[in-house]
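Given the sequences, and given the hints that come with them, work out the whole structure.
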Amino acid sequence: MYDIKALYEAESVEHAVQLRQEHPEAQILAGGSDVLVQIREGRRAGCEFISIYMLDELRGISIDEEENIRIGSLTSFSHITKDPIIQKYINVLGEAVDMVGGPQIRAIGTIGGNTCNGVTSADSASTLMAWDAIIELTGANGVRRVPIQDFYIKAKVVDIKPDEIQTAILIPKKSYEKCFGHYIKYSMRNALDIATTGCSVNVVLSDDKKSFERVRVGYGVASPIPVRATTAEEFIKGKEITEENIKKFAETVLQDINPRDSWRAGRALRRHISVVMAERALKECIELAGGEING
Amino acid sequence: MDNQYKVVHCTINGKEVSQIVDVRASLTDMLRNDFRLTSVKKGCEVGECGACTVIINGESFNSCIYLAVWAEGKDIWTLEGLAGPGGELSDIQQAFIDEGAIQCGFCSPGFILTSWEIVNSGKEYTDDELRKALSGHLCRCTGYENIFRAVKKTMLRRLGKNEEAELVNSQGITEYPDPMPFK
Amino acid sequence: MSNKYIGQAVKRLDARDKAMGRIRYTDDMCDKGALVIRVLHSTVANGIVKSIDTAEAEKVPGVVKVFTCFDLEEKHYYPTAGHPWSTDPAHQDIADRLIMTDRPLFYGDDIGAVVAENEVAASQALSILEKAVVYEELPFVLDAQEAMEEGAPLLHEKYPNNVLGHSEIHMGNVEEAIKEPGLTKVEGWYETQPVQHCHIENFICYAYGEGDRTVIVSSTQIPHIVRRVVGQATGMDWGKFRIIKPYVGGGFGNKQDVLYEPLTAWISMQLGGRLVKLDVPREETFICNRIRHAIKYHITSWMRPDGSFAARTFKAWCNNGAYSSHCHAIAAKGLNAFPQLYPCDNFDGETWTIYTNRSVAGAMRGYGMPQASYAFECHTEDCANAMGMDPMEFRRKNLMPVGYYHAFSKNELYSDSFNQCFDKGAEIIGYYDKVEKYKNQTGDIRRGIAVSTYWYNTAVYPIALETSSCRIVMNQDGSVQFQLGETEIGQGADTVAAQMIADTVGIPLNMVHPMSCQDTDITPFGTGVYASRGTYTLGFSIKQTSMLLKEKILEAAHQFTRMPVFNLDIVDGMIIRKTDGRELMTIGELALSKLYTTDGSQHLTAESTYQIKSNAYSFGCCFAEVEVDIPMCRVRLLNIVNVHDCGQVINPMLAEGQVHGGQSMGIGYALSEKLMWDAKTGRPLNNNLLDYKMSSFMDHPRLNAAFVENYEPTSAYGTKGLGEPPVCPVAPAIRNAIGQATGLYINELPLSPHTLFREFTDAGLINDSFAE
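Residue numbers (our numbering), protein chains in the order written: chain A, 1 to 295; chain B, 1 to 183; chain C, 1 to 772.
No wet-lab data here; the hints were simulated from the structure.
Don't take every hint at face value.
What the hints assert, rightly or not - List time: in silico BS3-like cross-link candidates among lysine-lysine, alpha-carbon distance up to 25 Å:
id, chain 1, residue 1, chain 2, residue 2
1, C, K65, A, K5
2, B, K123, A, K88
3, B, K132, A, K88
4, C, K32, B, K6
5, A, K239, B, K183
6, B, K15, C, K680
7, B, K183, A, K5
8, B, K6, A, K88
9, A, K247, B, K183
10, A, K178, B, K183
11, A, K210, B, K183
12, A, K5, C, K32
13, B, K15, A, K82
Unchecked claim - Computed spacing ranges between beta-carbons, pair by pair:
id, chain 1, residue 1, chain 2, residue 2, range
14, C, S167, A, K5, 36 to 42 Å
15, C, A95, B, K6, 49 to 55 Å
16, A, E243, C, K185, 44 to 50 Å
Stated by the list, open to error - Sample of chain A residues lacking proximity to chain C, with all beta carbon distances greater than 12 Å (derived):
id, residue
17, A26
18, R145
19, Q149
20, D159
21, K173
22, D207
23, K210
24, E213
25, E234
26, F235
27, I273
28, E279
A virtual CB, placed ideally from N, CA and C, is assigned to each residue, including glycine.
Here you go:
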């Protein structure tokens, strides 16, 4: 039994928006794999909640008229992984969310919840960052789109207005075209864990597959919010695919990340692993893209 | 403020039911208290141990972090629903018995349900995929070994691979030809 | 006696019910109208509770009553360990615990309790109460050696320097022996971490009044001991309590302590016998039940050029946490084990058990030996390496020899168990090939293989009482029910006991029914299950009682068959005439006839107690093969093989299950598990199943168990300990294998990425140019 003061069940997106306006104190409850746990912990005990879990209209993955990949915010991790559109265009996202917790958590956990809770360890976040995802929010005044880099404000705080709910996550065509990605989750065991640090890299190679046309890299648990290592991205853009460039790229990520010391892991370990992950993930992407190192 | 209640309509172990539930109740609470389906166990109540696992619309969920009101319209299975009307065990239950996959038995209901989902899929999982599919459950008694055997054998038998199933127990030492960097 | 079932992989008798989800554990038996208890725990690591204002908490709708440490009118200090009681005060466990205390000694100590109609009200009241406690905070100490220093905070006045226990062993003359020329000295510090049992069923109990007594239903390994301790904790006669033990979802030693039964019973009594339930949340199970002792060791060996030991010294500091629980027994066990594993004429050993302001350490599978084995077998590996000898050959040379006799325990090594275990394991895993192949590797990813061994005492003789009682009751159809004080907690005790009875009485196994759930009103006295003694200990009373029953059956058979008892036997449920093998009547016909005869009607039953005055060495080894990803600071366990000599294996399937479970616990111990506290506040940091890293399904390779079966001559059925041993050799085998792979032999646990990163960096295997 959860210590819930009141539960408002949304019957549609419009109804959810209406409930948001009627109950400004109420918090949004999607799959609940974080929120319910926090109620039990006491952090959110005795609060009012708007449950949007029953809104099937927010589930599913499609390609919209602008050729964006559109992921409904309530789509569960397990359904993202199994989805043919994801597997075809952005398989790394399916792989990344397939590392969240265990299978039962992936059945209830939603990608919207994973981003809206604003935590840096979210397994989807570094990949969504690295693929320049667009967050779609629906409120009283209609739909608003925010680049994910702007959506994250600070730890546990995201850009959702009091009358809004997140309704979709979009991956633009220019982001996923010709692009191959790989995510490494570093954690202390191989299942049922949160990331000690996570790294998502994706590449577009030149047509001759000799050089990097574009490389993007996102990190979780390397800063208070998920971040991009833009200095490293700039460094390697247009460069040849060589062992030396990859190594330099990997060390350059340290200019953009700032992992902290905690009992969960020391800063030195996180910095070290971040570099190793960047190198290995990039190499994996090169292989996926059909490139060859020093080729 | 008065407590809030709601009538939930769903199917539990193949039977349509309606139940008035407190909106604060978890699905674990509803199944254990209102339906006395006590195979649904409480081990952590935060979705870490998997002891409370039930099948909802064909997929394994932790019922402890699932609100009872969300059961509306769902098709829910607990371990009590697996045996036939005369107590005939399903193949996966029998395999857990035969392989010594049960010790204290507290994690067993959840494990058997997830295993049932796996063998029902008709898919042939690799060993690594099987481990991953079962990784939402913690067990402190068995080291997972005999659970692995029970699930793999049942999966292979369902696929008509009886001979391969018989080999499962003897494959304890694994050869790893290449280094396996973590990536 | 036949041997039809002993040695067979009989399926566990409760497996079908468990597979159907219809086995009843404690919570499943409790009426849902039970009042809910939540314990108010200290949020300081050391202090005095000055006051607790309960007014606001009591106003929460649904709250029935708030109790605080100040409501405890009589202070009855009590011991908690599941040890047999001793009538000699000098041998009694330390009584240092109260149901609730105003003098909390660790973060999580019990200072009050809320009783409410439902869990929401209880948790609301609890969070209000937590803020309503006024403490006088005192300095605290978490480290065992620091706790022994002058000026350290003193936990219990009767124990200066926080030393709860201290013991020494001296043999020969170390000082003289090390003067021998040509000796090689190896010295090391070895450190193990605190871990928790993590049985999937948390501790839970409920209590209610019945007549002028209180009934307690509890998830415990030790129902008869619980009755005694609840009596001690409440200052009441022990017979005022009735303890019922349903099926238990794992214990591993945590439930070998009396946990919250006294508090729950006391609250029920305060409320006029109302039904109250305490279902301990996982977070509290981690820190408010028991944990494994963290122990630090210093070992020195002096070796002759041939690799034999000239002299050895051993010191160990055992962090016991805030209350005595198992007192000095766990530290002493390690010290006693050390000189027997690799005997050496000259030995000085010393060990301390020390109170600190941490969660209470108690029994946990292996009872100090996973820690000790880690230290012993890290050190042995270091010695072999220092001598340039193959680690397994070095062990073979120095291990306890066949015929070794230990005067105090009267244990004897009857067979060449160590070598047989080594040989069998080496063959299964391919040790010799791999140990050569993995020598002198370079590169980022490397492999290693290694072995470690142990010996383990099966039971607790002669340190404590060993007694077992059994009752067997025959039905009209010749089937029997049996009851034992040894509890089924998942290990399969009921099944092996039934196998023994079936064979000894001579009836089919399906006619033997365990009465699994102990009830102190009904079940004959037994101290429960702990150590690795269940199968060994219950065997004695089962054999004796089965023979008594058989004698009665044959006497009755004489009445109906006219044949002399000495010519009769029972085979497979049939009374037979031994002289020609003729089947005279079935056991069912006999039982029915004897019960309903108008000439001497008798219900065929037997009951007896056997006091065991022997113990048995149990042996085994573990081979581990690992791959180390140096840049990633990760270890992948590739293969693991345990080989055990536990004497006659009664049930190979259940025995294998015990080994797998021990291996799994050992893998977590080696690589990932560690309970942590904040050094500044004494607050536990990772007391939940997410932050505490017990192994998941994806962290294990296939587990391999093998046996060497040397019949144990002291044993009723040739068997000896297996429950705990499999965990003991795992962590050192993994550590030694990582050592072979990398050249780095690391002396602490767990060998997690945190530890490996530090060690690899220190050794130059990792060389970050960007390190800060």
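- Are K15/B and K82/A close enough, with their CA atoms no more than 25 Å apart? violated (29 Å)
- Hey, K247/A versus K183/B, does the alpha-carbon distance stay inside 25 Å? holds (16 Å)
- Task: Take a quick look at F235/A and tell me if its Cβ sits farther than 12 Å from every Cβ on chain C, holds or violated.
- Result: Holds, because the least Cβ-Cβ distance between F235/A and chain C comes to about 15 Å, which exceeds 12 Å.
- Query: A26/A clear of chain C by more than 12 Å, beta carbon to beta carbon?
  - Reply: It holds; A26/A is separated from chain C by about 18 Å at its closest Cβ, greater than 12 Å.
- Item | Distance restraint between K123/B and K88/A, which requires alpha-carbon spacing of 25 Å or less | holds (21 Å)
- Would E213/A pass as off the interface with chain C, using Cβ distances and a cut of 12 Å? The claim stands: E213/A keeps its Cβ more than 12 Å from every Cβ of chain C (closest is about 27 Å).
- Message: What's the verdict on K239/A and K183/B, does the C-alpha distance respect the 25 Å limit or exceed it?
- Response: holds (23 Å)
- Could you grab the alpha-carbon distance between K32/C and K6/B and see if it respects the 25 Å cut-off? holds (20 Å)
- 12 Å Cβ clearance of D207/A from chain C: holds (32 Å)
- Has the given pair, K65/C with K5/A, been kept, meaning a C-alpha gap of at most 25 Å? Cα-Cα ~23 Å, so holds.
- Item | Restraint check for K132/B with K88/A, where alpha carbons must lie at most 25 Å apart | holds (22 Å)
- Query: Quick one, are K6/B and K88/A close enough, alpha carbons at most 25 Å?
  - Reply: The given pair, whose Cα atoms are some 42 Å apart, is violated under the 25 Å limit.
Hints 6, 7, 8, 13, 14, 27, 28 from the list above are not met by this structure, while the remaining hints are.
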